[in-house]
Amino acid sequence: MTNAEFRLMLENAVNGDPDALERLLNLYMPLINRLSRYAGWLDEDCRQYILLHITIHISEFRI
Amino acid sequence: MSLTEGKDELRGRFTRWIVITARNAQLSYLRAERRHPQTIPLDEVDLMIEDTALLSAGATPGGFDFVERQLADAFRELPLMRRRILELLFVEELSPTEIAAKLHCSVQHVYNQRSLALKRLRERLTKEKENDKR
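Line order of the protein sequences matches chains A and B.
Just so we're aligned: 18 in my numbering is position 18 of the first sequence, and the numbers increase by one with no gaps anywhere.
Counting the second sequence from 1 gives a position; my numbering is that position plus 63.
A couple of the hints might just be wrong.
[As the list claims (entries may be wrong)] A few chain A residues facing chain B, derived, Cβ under 7 Å:
#1 Phe6
#2 Leu10
#3 Ile50
[To be verified] Using C-beta positions, here's what the derived DEER-type ranges look like:
#4 Leu93(B) x Pro30(A): 16 to 26 Å
#5 Arg76(B) x Pro30(A): 38 to 48 Å
#6 Leu90(B) x Arg62(A): 17 to 27 Å
#7 Gln48(A) x Arg79(B): 33 to 43 Å
#8 Ser91(B) x Arg62(A): 32 to 42 Å
#9 Gly40(A) x Arg74(B): 38 to 48 Å
#10 Leu52(A) x Thr160(B): 19 to 29 Å
#11 Thr55(A) x Pro142(B): 23 to 33 Å
#12 Ser59(A) x Ala135(B): 23 to 33 Å
#13 Lys190(B) x His57(A): 20 to 30 Å
#14 Glu5(A) x Thr160(B): 51 to 61 Å
#15 Glu150(B) x Leu8(A): 37 to 47 Å
#16 Thr2(A) x Leu93(B): 35 to 45 Å
#17 Arg97(B) x Ser59(A): 25 to 35 Å
What the hints contain is simulated information worked out from the structure, not anything from laboratory work.
Don't be surprised by glycine CBs; every beta carbon is placed ideally from N, CA and C.
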């Protein structure tokens, strides 16, 4: 993904485009999965909580 | 073009933002999990008892309460993943295969965790029963 494509996707996600947000979250899913692991196992509730938190707060990110 | 532009300053800045935001959410989740373990509140247990055949068998919410409390205490002390597996098995009634797919682990792991969790609950309840007799 080029820098320009990333910027466009991020701008759209911040402006509330659900498709762009989904693509952005998929891009960072390895990080989110890593933080959702508990004793080596994926905690689905924790992952949902993190995803929800990012979704709520992404509009606060200043481009 | 500066080095910062070449590496895309925006992407770097957003990556830092999402790392911090996700980590804050993780800590918040873990704090909430410790404060509010996933158990059924006792007042809801009483309501559930009223809806079951236990009443017709002579059970009363007050009389049943302490076994529920002991079980809830023992359940709360289980490791998080074992609690989750028991919930998926007995509350959501998923099969071990479905649980393994959901939790990204092997079916054998689900069986092992179920076995260990039930063993721990049984030991805990038996121990309390013996203590009550003394």
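Evaluation of the provided hints:
1. The interface hint given for Phe6(A) is met, as the beta carbon of that residue sits about 5 Å from the closest beta carbon of chain B, less than 7 Å.
2. Interface restraint check: Leu10(A) against chain B, minimum CB-CB distance 6 Å, threshold 7 Å, status holds.
3. Hint on Ile50(A) holds. Least Cβ distance to chain B is approximately 4 Å, under the 7 Å limit.
4. For the hinted restraint 16 to 26 Å between Leu93(B) and Pro30(A), the CB-CB distance of approximately 20 Å keeps it satisfied.
5. Taken as a hint, the range 38 to 48 Å is violated for the pair Arg76(B) and Pro30(A), whose Cβ atoms sit roughly 19 Å apart.
6. At roughly 23 Å, the beta carbons of Leu90(B) and Arg62(A) sit within the given window of 17 to 27 Å.
7. A hinted range of 33 to 43 Å for the beta carbons of Gln48(A) and Arg79(B) is inconsistent with their spacing of about 23 Å.
8. For the pair Ser91(B) and Arg62(A), the beta carbons lie near 22 Å from each other, so the given range of 32 to 42 Å is not met.
9. Taking 38 to 48 Å as the suggested C-beta distance range, the pair Gly40(A) and Arg74(B) does not conform, at roughly 30 Å.
10. Range check, Leu52(A) to Thr160(B): Cβ separation about 28 Å, and the 19 to 29 Å hint holds.
11. Hint check: Thr55(A) to Pro142(B), Cβ distance near 29 Å, so the stated range 23 to 33 Å holds.
12. A hinted range of 23 to 33 Å is violated for the C-beta pair Ser59(A) and Ala135(B), which are about 40 Å apart.
13. One distance hint, 20 to 30 Å for the beta-carbon pair Lys190(B) and His57(A), is violated here, with the actual separation near 46 Å.
14. The given range of 51 to 61 Å is broken by Glu5(A) and Thr160(B), whose C-beta atoms sit roughly 39 Å from each other.
15. Between Glu150(B) and Leu8(A) the beta carbon distance is about 41 Å. The supplied range of 37 to 47 Å therefore holds.
16. The supplied range of 35 to 45 Å is met by Thr2(A) and Leu93(B), whose beta-carbon atoms lie about 37 Å from each other.
17. Under the hint 25 to 35 Å, the C-beta atoms of Arg97(B) and Ser59(A), about 30 Å apart, fit the expected range.
When each numbered hint is compared with the structure, violations occur for hints 5, 7, 8, 9, 12, 13 and 14.
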